[in-house]
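> Here are the chains, one letter per residue:
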Amino acid sequence: MRTVILGIGNTILSDEGVGVHAAEALRAAYDLPEGVDVIDGGTAGMELLDPLAGVDLLVVLDAVKAKRAPGTVILLTGKEVPVFFRSKLSPHQVSICDVLASLEFAGDPPKDLVLIGCEPLSLELGTELTPTVAEKVPEMVAAAVGQLAARGIVLEPVGRASARQQRSLSA
Amino acid sequence: MGQRITIDPITRIEGHLRIDCEVDGGKVKKAWSSGQMWRGVELILLGRDPRDAWAITQRICGVCTTVHAITSVRAVENALQLEVPLNAQYIRNLIILAHAVHDHIVHFYHLSALDWVDVVSALKADPDATSRLAESLSSWQGNGKYEMRAVKERLKGFVDGGQLGIFTNGYWGHPAMKLPPEVNLLAVAHYLQALDVQRKANKIVSILGSKTPHIQNVAVGGVSNAIATDSYSTLGVERLLAIKGYIDELADFVKNVYLIDVAAVGAFYADWTKYGAGVTNYLAVPDIPLDTKGTKFALPGGYIANKDLASFKPIKTFNDEFWVKGVEEATKHSWYEGSKALHPYKGETKPQYTDFKDDGKYSWLKSPTFYGKPAQVGPLSRVLCMLAAGHEPTKKYATAALDTVSALAKTKVGLDAMHSTIGRHAARAVSCAVQVDMLADQWQLLVNNIGKGDVTTFNAPVFPKGEIQGQGYHEAPRGALSHWVVIDNGKIKNYQCVVPSTWNACPRNEKDEPGPYEASIADNPIADPERPLEVLRTVHSFDPCIACAIHVTDTENGSAITVKAK
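Just so you know, the protein sequences line up as chains A and B, in that order. Residue numbering for the first sequence is 1 to 171, as defined by the working numbering. Residue numbering for the second sequence is 1 to 566, as defined by the working numbering.
Think of the hints as simulated: they come from the structure by calculation, not from any bench. Some hints here could point you the wrong way.
[Stated by the list, open to error] EDC-like cross-link-like pairs, simulated, lysine to aspartate or glutamate; straight-line CA separation at most 20 angstroms:
1. B:K211 <-> A:D37
2. B:K156 <-> A:D37
3. B:K203 <-> A:D37
4. B:K203 <-> A:D108
5. B:K211 <-> A:E24
6. B:K156 <-> A:E104
Computed from a predicted structure; not experimentally measured.
Chain A with its partners taken away, still in its complex shape:
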């Protein structure tokens, strides 16, 4: 079982990069078990073919324009995801859509797909998120962790697993 949590977005266009910020926040907060990878996809396209080939579960974190209030977190699963990308609501739909199409054609698509998106407030140049969107990053991370848990993959907060190991060693 291989799981990829993919953050995509342009980190020099403020809220555009929220997917990457959320992926990094998840990586910092949780110990990743064997078989779970976090990838900072940036705005890459075909470079992602290799890391995404044959994964069992792909969780995409991204900025999405769904005409909701800025900071609204949305969740889509399974077949809704490619349809969503095709209807051009995500700023990155072209490259990620092409990657998914190529994987599909090659017979290697992700078996299960989840998209966790956040409506951006600003797409201006800048390396920081706006406060409206920044405060939603924990919600995106929690949603991703919840989606994994629903599929039997439990992520432990950083430190907890090693603390338990310490205890069992000293016992």
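For chain A, the structure is supplied; the task is to place chain B on it using the hints.
Structure of chain B alone, referenced to chain A:
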């Protein structure tokens, strides 16, 4: 009254591109290329530590991240006149070349082949005849009849399942599609094989760059790879051997599949050697430095004026004045104040938006010139400059490609055919073959140098008080890329990126001369104005790293048709 076609972008990856054409009598009469997004990355960089610039600039573009990282450190090193250890040059060279090979394979098979290949037509192919044709051209092991039968079955299942729609860029059944069903099936088979092969190039970048996308191993002064032959946690024998294995697999595919497929497509689309030449001043920078100072290069570069190879003037070193003094950027037709061309060190970025004015300002891109002339950059410029410089490997592969085209087209096709839309594809394949061999050479140089006991990969930069300036260039997959930096007391004071897409997609310059895209689209035939595939063929032959949606507006009845395209 002709029709006006507008090709407008939908991504913000590298900046939007919009193409407008006036079409009359089945031909493009006039074209405008317009960058639709202000890419003011310099604003983010002002006041920052120059050692951090590479990490930020590699976020400019999603398709070519490594190239900005490499160019940025070269610019800062140039300002400091800092030497780069040999191992670091070789490791960077391996990353540069693996990235280029990856980019070229993916561009041809996955991003542009569908401009020429009709996937649906492949369903009519005889797989056994496809195999016979393929085996007559190449010794590649993936051309057997069972392979072709399996690909046809898979394609049939895909089309029958209604999944073809996931390709956002299909022009199935367009009248400009000319390949026989068997060649279409062969292209589909190689499309799938290329998906697998391109991963090997990516693996080389990830092993050396520690991370892909967005490599993490470059630094001003070298690379951060630790080398030790007896350790598993550093760049040691095991990793080096893995890289060599990937290089060999890439070389097999590039020489026995890619180079031949491009020649075959070229032979069937021989009419496209007449279209798309555009600006025939060719600029390429040298790359793959072989010493610590950047005075010797494996890949020559320079400038060719008006398609005359005899006029070739080389760019020789990272400090070459011929290069440094030749570059200017004009803003007469760009949404910036002023109209006078300025050198990048003096570059200004003061926006002055006017709306789209056909005869005035119409683009966020500036208009770069080389000694006052527009210049084309990219694989065609690279290959022509290498030929003009007498580069033997380039001669070998260019001759091989043209011989294959001549044999298939049953007529002699010479070098002159390269100044065209299809010629840019051929040049990209020739360049890829040269670069995949160079990849093996650089690997050997690295191994030999480590074998001598040299494990140095980094020279620490020291920033002086006061103002210094430097430029770094890199022959990226899409052509000459340069960063220009002014540093004051160790902080960035000015930063300008002159990217390949700016050279090629620029608006008219100070003298109203059109840029390469604009010039190359003029005279292209248009069979069906509602589906202007021909314009896309020419624009895509430059490998723009953007996706477009086409809105065709019929001026007579005002109807708008949207055709998505990549």
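> Hint by hint, say whether it matches the structure.
Each hint, compared with the structure:
The hinted pair formed by K211 of chain B and D37 of chain A meets the criterion: a straight-line CA distance of about 12 angstroms does not exceed 20 angstroms. Distance restraint check for K156 of chain B and D37 of chain A: the Cα-Cα separation of roughly 34 angstroms exceeds the 20 angstroms cut-off, and the hinted pair is therefore not satisfied. The straight-line distance between the Cα atoms of K203 of chain B and D37 of chain A is roughly 16 angstroms, inside the 20 angstroms bound, and the hint therefore holds. For the suggested pair K203 of chain B and D108 of chain A, the alpha carbons sit about 18 angstroms apart, so the restraint of at most 20 angstroms is met.
Between K211 of chain B and E24 of chain A the CA atoms are separated by roughly 14 angstroms; this keeps the pair inside 20 angstroms, and the hint holds. In summary, the hint linking K156 of chain B to E104 of chain A is supported, as the alpha carbons are separated by about 14 angstroms, within the 20 angstroms threshold.
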